[in-house]
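S.K.: Next come the chains, spelled out residue by residue.
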Amino acid sequence: MTAPDLRVDLGRGLILPNPVGLASGTAGYGFELRQLIDVDRLGALFTKGTTLHPRDGNPPPRVAEVRGGMLNAIGLQNPGVEHVASAYAPEFSRWGVPVVVNVAGGNVEDYLQCLDRLERAEGLAGYELNISCPNIANGLDFGRDPAAAGRLVAAARSRTGRHLMVKLSPNVTDIAAVARAVEEAGADSVSAVNTYVGMKIHRGIRAPVLPGRGTGGLSGPVIKTLALAAVAEVRRAVRIPVVGVGGIMDAGDALEFLIAGADAIQVGTATFVNPTASLEVLDGLTEIATRAGVRRLRELRGPALPAMPPAGIEPASTG
Amino acid sequence: MTAPDLRVDLGRGLILPNPVGLASGTAGYGFELRQLIDVDRLGALFTKGTTLHPRDGNPPPRVAEVRGGMLNAIGLQNPGVEHVASAYAPEFSRWGVPVVVNVAGGNVEDYLQCLDRLERAEGLAGYELNISCPNIANGLDFGRDPAAAGRLVAAARSRTGRHLMVKLSPNVTDIAAVARAVEEAGADSVSAVNTYVGMKIHRGIRAPVLPGRGTGGLSGPVIKTLALAAVAEVRRAVRIPVVGVGGIMDAGDALEFLIAGADAIQVGTATFVNPTASLEVLDGLTEIATRAGVRRLRELRGPALPAMPPAGIEPASTG
Amino acid sequence: MSGPVSDLGRARDESGEVVAVEGLDGGMVEITARLPHLAATARPGEFAQLRAWGGVDPLLRRPFSVAWTAGELCSFVLEAVGAGTRLLVGLRPGDPLQALGPLGNGFPLDPVPVRAVIVSGGLGCAPFPLLVRELRRRGCADVIVLSGAATASRLYPAARFRRGEDSVRVVETTDDGSRGRRGLVTELVADACDETAAVYACGPNPMLAAVARTLQRLARPPRRAHVSLEAPMGCGFGTCLGCALPASGGGWFLCCRQGPVREVSEVDWPGLLALPPAHVA
Amino acid sequence: MSGPVSDLGRARDESGEVVAVEGLDGGMVEITARLPHLAATARPGEFAQLRAWGGVDPLLRRPFSVAWTAGELCSFVLEAVGAGTRLLVGLRPGDPLQALGPLGNGFPLDPVPVRAVIVSGGLGCAPFPLLVRELRRRGCADVIVLSGAATASRLYPAARFRRGEDSVRVVETTDDGSRGRRGLVTELVADACDETAAVYACGPNPMLAAVARTLQRLARPPRRAHVSLEAPMGCGFGTCLGCALPASGGGWFLCCRQGPVREVSEVDWPGLLALPPAHVA
Ligand SMILES: Cc1cc2nc3c(=O)[nH]c(=O)nc-3n(C[C@H](O)[C@H](O)[C@H](O)COP(=O)(O)OP(=O)(O)OC[C@H]3O[C@@H](n4cnc5c(N)ncnc54)[C@H](O)[C@@H]3O)c2cc1C
Ligand SMILES: Cc1cc2nc3c(=O)[nH]c(=O)nc-3n(C[C@H](O)[C@H](O)[C@H](O)COP(=O)(O)OP(=O)(O)OC[C@H]3O[C@@H](n4cnc5c(N)ncnc54)[C@H](O)[C@@H]3O)c2cc1C
Ligand SMILES: Cc1cc2nc3c(=O)[nH]c(=O)nc-3n(C[C@H](O)[C@H](O)[C@H](O)COP(=O)(O)O)c2cc1C
Ligand SMILES: Cc1cc2nc3c(=O)[nH]c(=O)nc-3n(C[C@H](O)[C@H](O)[C@H](O)COP(=O)(O)O)c2cc1C
Ligand code: FES
Ligand code: FES
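Chains as they are written, first to last, in my numbering: chain G, 1 to 319; chain V, 320 to 638; chain D, 639 to 919; chain R, 920 to 1200.
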């Protein structure tokens, strides 16, 4: 048994040393987690969603646990792109792990200015365009409307030669349409999925636990079944690489995403439960690939896809 | 403590004796469950999705368990409207429980012909238009496109004076828009939600467990957090009654839906786990209402809504 | 929908208590629980939907054949293959066990056959102790059990098929020859059958299909032949329509109500064998 | 982000083992576990993220103050208020306990105050045994604990605050007068303070706010005053940004890294009190 080649070529020069990344918003900008685990062994670190201006985020409470998952309503708290570019990026260049900056904005101009500032910084492996965070102004329009998503990505494409990944929202009627639109507009890869809109009700106070509209983004194992369907659908819709994320707790979960068509994966909420989760996923996947005797991880996908005819031939069936 | 009035007036003459119904597709046409539990104590029985012509349904396997829920890909197996109208409806008229026929179709004409046949039958309390079952031809178009949903409902409205409930799909970008469209088109009430599209991957065979596209409809406790958010959103969007469904296992879960804005609820997957679940929900809710000293269940919603500003004032926040 | 539909009138949801958990060779376990209603009403081949856990993971109940009844006690024979069975085999005396049953169509007993040929593959043994007793009670003098497994340790003990009915013959085969005849149990079916026989088979789908094929080719086919099948189940009582299996002549039958026991000619065997392996729990 | 940020350099994820679970009056429980790293490194007011269950329900770890350390042992004081704490109080010696820590900012000890006034409300007692020992070790001669609870059975035992430090005074109050002075513990704060004092408070938010208000009105305010706060936590180590609490001067601070211990003037008290009750676990 020879060790498998774990590298994943996501395109436009972004080659991950392995397929396991830390999901945006669950690893900050890496500084905290570096003190707890060997982040440099990982395939990528996706930063907290970064905006043009610093943001304080939402009022508390911001997180609430539900069965098998958690809701968050952080509200994109971040120090703003200037700080990220000037104070953090120089650190990133010294790290072994590729750092991909997750970029969010309320309108096209915000995104572009954010990218422009980051373009002047060294040490960034690429961008993950967060068009799926429904918490700022028109933020959701991009993720929920294929045409708007395409326009945003086309504009972003014109500003950077770095790898451009687009993070898709699952809270849509047709995730494949959004994926196709961003692919056509020049995205190098897509990541799927961001959180699902959920609500926790407190029976005692007879009201939602989270403030405001009472909703938050649902993450964790409770979304895995949904995220797998989304990843498989996106996989069928586009040719560019797909990064799977949603409820991955261990290597077995990660394997399921690879089978469903993901080229790489991100570990999110699991890191909160177990800071070492991502490394354990990496070690577990390596062992699975070694045992299966595959040379490249992509081979694990193997027999799965034939069982899934292309969209349109046979409709998904429920009820 | 006086016993609370459990009746729920859903409009156009449909007054449920209490707010607890059996969800479509989880109680057949009532015949089996009547042999196991006292169905006549319940608020309503929603039949299996009924189509113009008999349907054999999908090839097996049709169900698969996932953590905290199950996927189904039944494919609307049903004996067709003629059999339901001629053989089942006469039985329904003898039952104590109001029977609402869940109607599904591939195009407007199918739905209308189905309704026309049912109109000639006695013993039906109303209809639940299933515009959210993505398994026949264009079935999903109705549930996913507000305009199409509105047209279908307007046409259906013109054919019946009976109560017309519309079952909403959660697999949409904007469930509120669909809810508003069907309200404007004349729906008397809406039920939310149908199942979520999910996928289970079998690690051994490295393929989806369900055949075809590998997806199925996710139900059970795993969807409760999402369904609550959907119900709260629909509640804010329309004035007609909202029937909440999704992951209700016990009276506490049902209470959460009432707090989120539901006027009545349906118990689905829980019946498989425990055939008596719906009756236990009813007894539990009755006890909760009695203890809380409310005269009508609607008062349980009480303090919840003030905490939820109308749509548009404050955006839902995640990330 | 074709074939007889099970009677749900006897089914009841009962809170029982485990009284014994015996480990057999090769990982099989026999669980005995106080379930007076099920014990009093279950017929051979019928099953119960069991649950022995709280919470929602596992969520659904799991179906198991009633293997034996004695007074208020019911027994089930199973093996840990997944989350639910792992929890079941870990039960201890005194633990609660929830059972909904009896469910499904059992094996037909009328008219009582002159000869009963029981074909059991591996865990397919589960419904047969009860069937053997019932056949003998009704006067079937010639009961033969063909019991096959991959290897000796996975053979269900002959004495447990008999449970005192000493006239019952148990003929064993193993794939590796470690006990009894070397080979597949299905190879014995032809010799054991004549036109007076009723065949009852339970085991993996390929084995049942081989039995069906064998019987078809017989010059003197048995007077009737039934198999007991499995399908993933949502409810177990006919409301979810989840347990469809391919019926001969097209379409599906519901394993929980038009099965699990099925006349051999009523099954679409090629269709059954074409199901993905995950279908077979 | 304002205020000092905790040092994560000492934090480690450790697999420990429960050695003792003692039930105190009124439902409080003290759990002692072998956690050598945490025991060796935790400072008063710091906390650990605990997990004592597999599976995903509960999912997240739960934060608990380190109440005591002795050799390789660490103790936590808690009560069953929800699913996680129910599982924790049900632990038995020998059970595994996973602990990530030490986390958060502890109570400042330098310069060692002449007098330490510790204000404890109910379960807010948890961080104080360790603080008392550390203050005494560092030479603080005058340590007074003002310990309040709703009723006698819910008072943390005075001897457990002291743990051998007999010079430490513990003054008790109960809302119902069933032990000690009748009234609120905050009423004693003014009298106990002088300008040499350092105040350390932990308890329900309304109590802490009352302490803050009292101190503000004092003619001779203490030289410093710190409170330990709670917030629902996602991670406990600063990456989820979930544990925000309102900071004076606007904006938020992270309870897990710019807390849980916080200078009293750095908290937006009206903002804290306006949080919905569900926020207070
Ligand atoms: C009518 C009827 C009667 C029956 N009678 C008996 C009986 O008497 N005795 C008996 O032993 N059995 C009997 N069975 C079968 C029994 O019901 C099943 O074995 C049982 O339901 C399995 O439950 P489980 O939770 O242990 O396994 P499950 O978790 O449901 O899984 C079953 C198998 O699939 C595998 N699997 C599941 N998900 C995945 C995944 N994502 N990737 C890879 N592998 C996966 C598991 O490892 C396991 O091997 C009967 C079935 C029926 C329909
Ligand atoms: C830094 C820090 C240190 C701490 N130190 C200690 C300590 O030393 N000792 C200690 O005892 N505690 C301490 N706590 C608090 C402790 O962490 C919490 O009590 C604990 O996390 C609660 O977990 P749980 O799973 O038991 O309760 P949860 O399930 O999280 O729920 C908490 C409360 O909310 C209720 N609730 C939850 N959901 C609902 C709903 N849908 N409807 C109605 N009610 C609901 C529960 O019943 C319960 O009362 C500390 C907290 C922090 C932040
Ligand atoms: C607390 C928290 C904050 C998050 N912040 C962001 C963010 O800033 N940008 C983003 O694209 N996704 C964000 N996400 C979404 C995650 O990156 C991921 O898509 C999602 O949590 C699903 O994965 P998981 O189930 O493994 O957590 C956040 C998730 C959590 C839990
Ligand atoms: C096996 C199964 C079959 C279903 N069939 C239908 C159907 O025919 N028509 C329909 O509107 N909903 C159908 N549903 C959806 C349920 O009515 C309900 O909306 C959904 O299961 C969520 O509720 P639950 O989590 O309580 O099960 C079906 C659900 C299941 C599990
Ligand atoms: S298992 Fe539900 S119909 Fe058979
Ligand atoms: S709990 Fe995650 S940042 Fe504080």
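By construction, these hints were calculated from the structure, which means they are not laboratory data.
A quick note: this is a predicted structure, and the numbers were derived from the prediction, not measured.
Ideal Cβ positions, reconstructed from N, Cα and C, are used throughout, including at glycine.
Any given hint could turn out to be false.
As the list claims (entries may be wrong) - Some chain R residues well away from chain G (every beta-carbon gap over 12 Å; in silico):
| id | residue |
| --- | --- |
| 1 | 925 |
| 2 | 931 |
| 3 | 932 |
| 4 | 968 |
| 5 | 980 |
| 6 | 992 |
| 7 | 1029 |
| 8 | 1157 |
Stated by the list, open to error - Per label pair, the in silico range of CB-to-CB distance:
| id | chain 1 | residue 1 | chain 2 | residue 2 | range |
| --- | --- | --- | --- | --- | --- |
| 9 | D | 647 | V | 435 | 45 to 55 Å |
| 10 | V | 615 | G | 184 | 53 to 63 Å |
| 11 | G | 40 | R | 1031 | 54 to 64 Å |
S.K.: Now tell me if each hint is right for this structure.
M.R.: Going through the hints against the structure:
no.	hint	result
1	925	violated, 10 Å
2	931	violated, 8 Å
3	932	violated, 6 Å
4	968	violated, 9 Å
5	980	violated, 7 Å
6	992	holds, 23 Å
7	1029	holds, 23 Å
8	1157	violated, 4 Å
9	647/D x 435/V: 45 to 55 Å	violated, 36 Å
10	615/V x 184/G: 53 to 63 Å	holds, 54 Å
11	40/G x 1031/R: 54 to 64 Å	violated, 41 Å
Comparing the model with each numbered hint stated earlier shows that hints 1, 2, 3, 4, 5, 8, 9, 11 do not hold.
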